[in-house]
Amino acid sequence: MNGSEYVIDVSEINKYFGDKHVVNNLSLKIKRGEIVGFLGPNGSGKTTSIRMMCGLLTPDSGVGRCLGFDILTEREQIKRRVGYMTQRFSYWDDLSIHENLDFIARIYGMKNRREAVERSLETLGLTSRAKQLAGSLSGGWKQRLALAACMLHEPELLLLDEPTAGVDPKARREFWEELHHLASRGISVLVSTHYMDEAERCHKLAYISYGKLLAQGTAAEIIENQKLFTWSLSFGKLTPDLALVSEALKGTPGVDQVIMFGTSLHVTGKDEAALERTLRQLTEGSAMRLEPLQTSLEDVFIHLMNTSSADNFV
Amino acid sequence: MNNKSETIEVFSFSRWWGVVLKEFLQLRRDRITLIMIIGIPIMELVLFGFAINTDPKHQTTAVMVADHSEFSRNILSTLQNTDYFNIVKTVSSEVTARELLAKGEVQFVVSIPSDFSRKLLREEHPAILVEADATDPSAMGSAINALNQSIQKLIEKDFNGSLSYLSGASPAFEVRVHRLYNPEGITQYNIIPGLMGVILTMTMVMMTGLAMTRERERGTMENLLSTPVRPIEVITGKIVPYIFIGLIQSTIILIAGRFLFHVPFLGDIFKVYSAVLLFIAANLTVGITLSSLAQNQLQAVQLTFFYFLPSLLLTGFMFPFQGMPKWAQAIGSLFPMTYFNRLIRGILLKGNVWIELWPNIWPLILFTTVVMVIAIKFYRRTLD
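These protein sequences, in sequence, are chains A and B.
According to the working numbering, the first sequence is numbered sequentially starting from 1.
According to the working numbering, the second sequence is numbered sequentially starting from 1001.
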């Protein structure tokens, strides 16, 4: 571990594609054994950031270390010690599961190749399917194979780029159990995701939008720091057109965002007093019910998404 | 009632126009296809229009004159005047003459024997010997014809006055032609070894061209790049299976050439396979370079065609190399197939030895090395 307590320690890295500033002064630290969720809207620079951390892309400026190695000059050492799972399934469709794993084991020059492949097939429950072509696997099985393959060389750090996109809930749950299991063994994980339930399972979160890191910390800290207040507005026996009510609420004093949640609305705002006043006025004398609500991670992220995009269009 | 007005058209002009517009838009963004649409006709026009000549003139000729008389000088100038022969060397021994032919440095050796004029005047009907490299029968046919005709004219013109007795019924002298290496002028002897080059170029360049773009297209390249595997390992590792394929193809052609077409087999098999391996190596490096340049598999195939066309036309496979203008020969000299054609024909038909093969071996080695360096340079180690 080269003496540092951080497996990833990058500061102020930048990346441009043409005149597009894809990653903007990103600084991020990840401790050993932590699972860090990397969140942000599509095209916010998550994949680019991950690629820079594992030596697949060169930052245009900034410095950083991954597992104690310089991300600019010591890429080969980083590649050996990091497991990177690409967003798109990137193993060979025309090779069987066993052949894929065997190839990866050879590429990493593993001495106990045979055993490592067998063990990996066993722990991931792929033994019975070892001879099946990777291309014929379902999304969930492909993802299992990908994880098995990028874990094969026993990396100290996993960089997972939206690993559970298109995977069913049961397989996702199992996947996350595996991640926590790995983390308990001291393996660090940086995982990008769009799913809130997954975000809540991370030790820490980093939220990035338009290449800028907007929030980081534990889920509770991020919610706390945004200082948002949320009310649930439910309608009892009334069945109004929720979309109309929601439209009507938007832009009224104190209301920053309205989200439909089944038969109720979550109304969020930064100005506690104004928000409550507006809602009280609305519900007074009607059958609508108003309850204060703990602001959820999703409320926070949507808030972050809305405000950051607004900034960018100025 | 409204339903009645909703007719289902068999052909909708606006739908059709939508498809047409979409195709044009996509075509406009597909640079390589556009280049191909414009480039291929221009390339073919230039090649067929200017470079290729099925009636090659100015063929390299060596002369061996042992009879220094006016007759000899007249014959040589007649030779030059046909435009078919370009005298580049004067030799004094049969051995050197044969060597020049074996190396392919000259197409013809014209020898006038020492007692030519004496025998001529004595009406002994002496002979001029023309030795021709007949590996490519089409290259020499018209030159020989032209030679015979102009000699006939020379006799009519020169042998008048006191010498008119020589232009009588029977010709004063004869032109004896020796077709070396392929005495019967069988085209297959030339085509079949050459075909080996064509087939190897096509498969080797295209197959390896696809090998790398396939990884990129399927997204597996990103995976490879994130592992410790080195460019040189990926490139050479990908090449090996194709070397075997190339060897199998060559063996099939060799067997067919030997037993089906009875192509002569003067050289030894070791030389043949050495030439084949060298040529395969050259083509594989081209394929790997193309695959690093191409964005997808279709582009790789298109780029292969750009490479294949001049290889086919400018390298002496289809048309005599000697018959092309200098600039076309210069372009042809950039393609490994030019050298392979000479090597394989030299080995099989002429029984060339190493020293005679060397002038065509080193260009292949040089080509392979240079292109390999380019290939490794273009292989992107990161996704930048």
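These aren't lab readings, by the way, just hints derived from the structure by calculation.
None of the values given here were measured: they were computed from a predicted structure.
Heads up, a few of these hints could be off.
To be verified - A few chain A positions that, by computed beta-carbon distances, are all more than 12 Å from chain B:
| # | residue |
| --- | --- |
| 1 | 61 |
| 2 | 76 |
| 3 | 100 |
| 4 | 242 |
| 5 | 293 |
| 6 | 295 |
To be verified - Here are the in silico distance ranges between beta carbons for each label pair:
| # | chain 1 | residue 1 | chain 2 | residue 2 | range |
| --- | --- | --- | --- | --- | --- |
| 7 | B | 1236 | A | 169 | 55 to 65 Å |
| 8 | A | 218 | B | 1306 | 49 to 59 Å |
| 9 | A | 154 | B | 1318 | 49 to 59 Å |
| 10 | B | 1039 | A | 131 | 42 to 52 Å |
| 11 | B | 1020 | A | 31 | 26 to 36 Å |
| 12 | B | 1034 | A | 271 | 53 to 63 Å |
| 13 | A | 88 | B | 1046 | 41 to 51 Å |
Glycine is no exception: its CB is placed at the ideal position from the N, C-alpha and C atoms.
**Prompt:** Honestly, do residue 1020(B) and residue 31(A) meet the 26 to 36 Å range at C-beta?
**Reply:** 59 Å, violated
**Item:** 12 Å cut-off, C-beta based - residue 293(A) kept clear of every residue in chain B
**Value:** For residue 293(A), whose nearest Cβ neighbour in chain B is about 42 Å away, the distance exceeds 12 Å, so it holds.
**Message:** Beyond 12 Å on every Cβ pair: is that true for residue 242(A) relative to chain B?
**Reply:** Label holds. Min Cβ-Cβ 32 Å, cutoff 12 Å.
**Asked** residue 100(A): least C-beta distance to chain B exceeds 12 Å?
**Response** At about 10 Å from chain B, residue 100(A) fails to clear the 12 Å cut-off, so the statement is violated.
**Asked** So is residue 61(A) really clear of chain B, every C-beta pair being over 12 Å apart?
**Response** Answer for residue 61(A): holds, closest chain B Cβ roughly 14 Å.
**Request:** Evaluate the given range 42 to 52 Å for the C-beta pair formed by residue 1039(B) and residue 131(A).
**Result:** 47 Å, holds
**Item:** Consistency of beta-carbon spacing, residue 1318(B) to residue 154(A), with hint 49 to 59 Å
**Value:** For residue 154(A) and residue 1318(B) the Cβ distance comes to about 58 Å; the hint holds.
**Message:** Taking the Cβ atom of residue 1034(B) and the Cβ atom of residue 271(A), is their distance within the range 53 to 63 Å?
**Reply:** 58 Å, holds
**Item:** Interface exclusion of residue 295(A) relative to chain B, criterion Cβ beyond 12 Å
**Value:** The claim stands: residue 295(A) keeps its Cβ more than 12 Å from every Cβ of chain B (closest is about 38 Å).
**Request:** Run the C-beta distances from residue 76(A) to all of chain B and say if the shortest one exceeds 12 Å.
**Result:** At roughly 6 Å from the nearest Cβ of chain B, residue 76(A) sits no farther out than 12 Å, so the non-interface label is violated.
**Prompt:** Can the suggested window of 41 to 51 Å be confirmed for the beta-carbon pair residue 88(A) and residue 1046(B)?
**Reply:** For residue 88(A) and residue 1046(B) the Cβ distance comes to about 43 Å; the hint holds.
**Prompt:** Regarding residue 218(A) and residue 1306(B), is the given constraint of 49 to 59 Å on their beta-carbon distance met?
**Reply:** 58 Å, holds
Violated hints, listed in ascending order, are 2, 3, 7, 11; each of the other numbered hints is respected by the structure.
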